[in-house]
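Using the sequences and the accompanying hints, generate a full structural model.
These are the residues of each chain, in order.
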Amino acid sequence: QQQVKQSPQSLIVQKGGISIINCAYENTAFDYFPWYQQFPGKGPALLIAIRPDVSEKKEGRFTISFNKSAKQFSLHIMDSQPGDSATYFCAAKSALGRLYFGRGTQLTVWP
Amino acid sequence: NAGVMQNPRHLVRRRGQEARLRCSPMKGHSHVYWYRQLPEEGLKFMVYLQKENIIDESGMPKERFSAEFPKEGPSILRIQQVVRGDSAAYFCASSPVTGESEQYFGPGTRLTVT
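Chains B and X supply the protein sequences, listed in that same order.
Numbering of the first sequence is given in this note's numbering, commencing with residue 1228 and proceeding in unit increments.
Numbering of the second sequence is given in this note's numbering, commencing with residue 1248 and proceeding in unit increments.
For the record, the hints were derived by calculation from the structure and aren't laboratory data.
Quick caveat, the model's predicted, so the values are computed rather than measured.
No residue lacks a Cβ here, since even glycine has one placed at the ideal position from N, Cα and C.
Some hints here could point you the wrong way.
To be verified - Partial list, computed: chain X residues near chain B (C-beta under 7 Å):
hint, residue
1, Gly1289
2, Leu1290
3, Tyr1295
4, Asp1303
5, Pro1308
6, Phe1312
7, Phe1338
8, Ser1348
9, Phe1352
10, Gly1353
11, Gly1355
Shown next as structure tokens:
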């Protein structure tokens, strides 16, 4: 059973546009929600993260929106750039420490 | 400040051989997590270790897989008698002594079983 569901599977956005990736989770005991960016052949890099007592967090062009009642959270990438083309993973952390990952979204930003 | 280090970066093994994957956490981090990534899939948790202790191994296959994090030296993920289905990228992540939530990943070891 997939604990974290991520959509869309792939996303194509024009340079300067907004990229939006959505995730949903089931377990209300999750206490931390990070997003990772992964380039081909590399390890996932922590991009931005949020705790469930906060509804929004912004760092530069990246924003997480968190809806605790709906058990959903999303990543918004403003002014998307070709260098943002990568695979993005949402995740949720259990109290024991393990991360449950979504299946990933392959983002392509056209110049 | 060096990040998480993993070696080897690429490992080729024939069916039936053993694979040993090593992970050195970031300086000051004493929590290590191993994840496996199959092609076109997200990362799947395998095991969580602290120095000399296995905290959570609920994601580890029951047979052929083992992990350790000794008092000195890197964490080791060991796969005995590898099969083709073990071909994947194996990532290690670490978090600080205080058990903070942030997990920082290494570059991974890409295991190919022929």
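Structure-based check of all given hints:
1. Interface restraint check for glycine 1289(X): the shortest CB-CB distance to chain B comes to about 4 Å, inside 7 Å, so the restraint holds.
2. Contact between leucine 1290(X) and chain B, as hinted, is supported at the beta carbon level, the nearest pair being about 5 Å apart and thus within 7 Å.
3. For the restraint placing tyrosine 1295(X) at the interface with chain B, the shortest Cβ-Cβ distance is roughly 5 Å, inside the 7 Å limit, so the hint holds.
4. Among the interface hints, the one on aspartate 1303(X) holds; its C-beta lies about 5 Å from the nearest C-beta in chain B, closer than the 7 Å criterion.
5. Evaluation of the proline 1308(X) hint against chain B yields a violated restraint, the C-beta minimum of about 16 Å exceeding 7 Å.
6. Because the beta carbon of phenylalanine 1312(X) sits about 16 Å from the nearest beta carbon in chain B, more than 7 Å, this interface hint is broken.
7. At a threshold of 7 Å, the smallest CB-CB gap from phenylalanine 1338(X) to chain B is about 6 Å, leaving the interface hint in force.
8. Interface hint at serine 1348(X): satisfied, since its Cβ lies 4 Å from the closest Cβ of chain B, which is below the 7 Å cut-off.
9. Because the closest C-beta pair between phenylalanine 1352(X) and chain B is about 4 Å apart, less than 7 Å, the hint holds.
10. Given the 7 Å rule on beta carbons, the hint for glycine 1353(X) holds: about 5 Å separates it from the nearest Cβ of chain B.
11. At its closest, the beta carbon of glycine 1355(X) sits 5 Å from a beta carbon of chain B; the interface hint therefore holds under the 7 Å criterion.
Hint violations for this structure: numbers 5, 6, all remaining hints satisfied.
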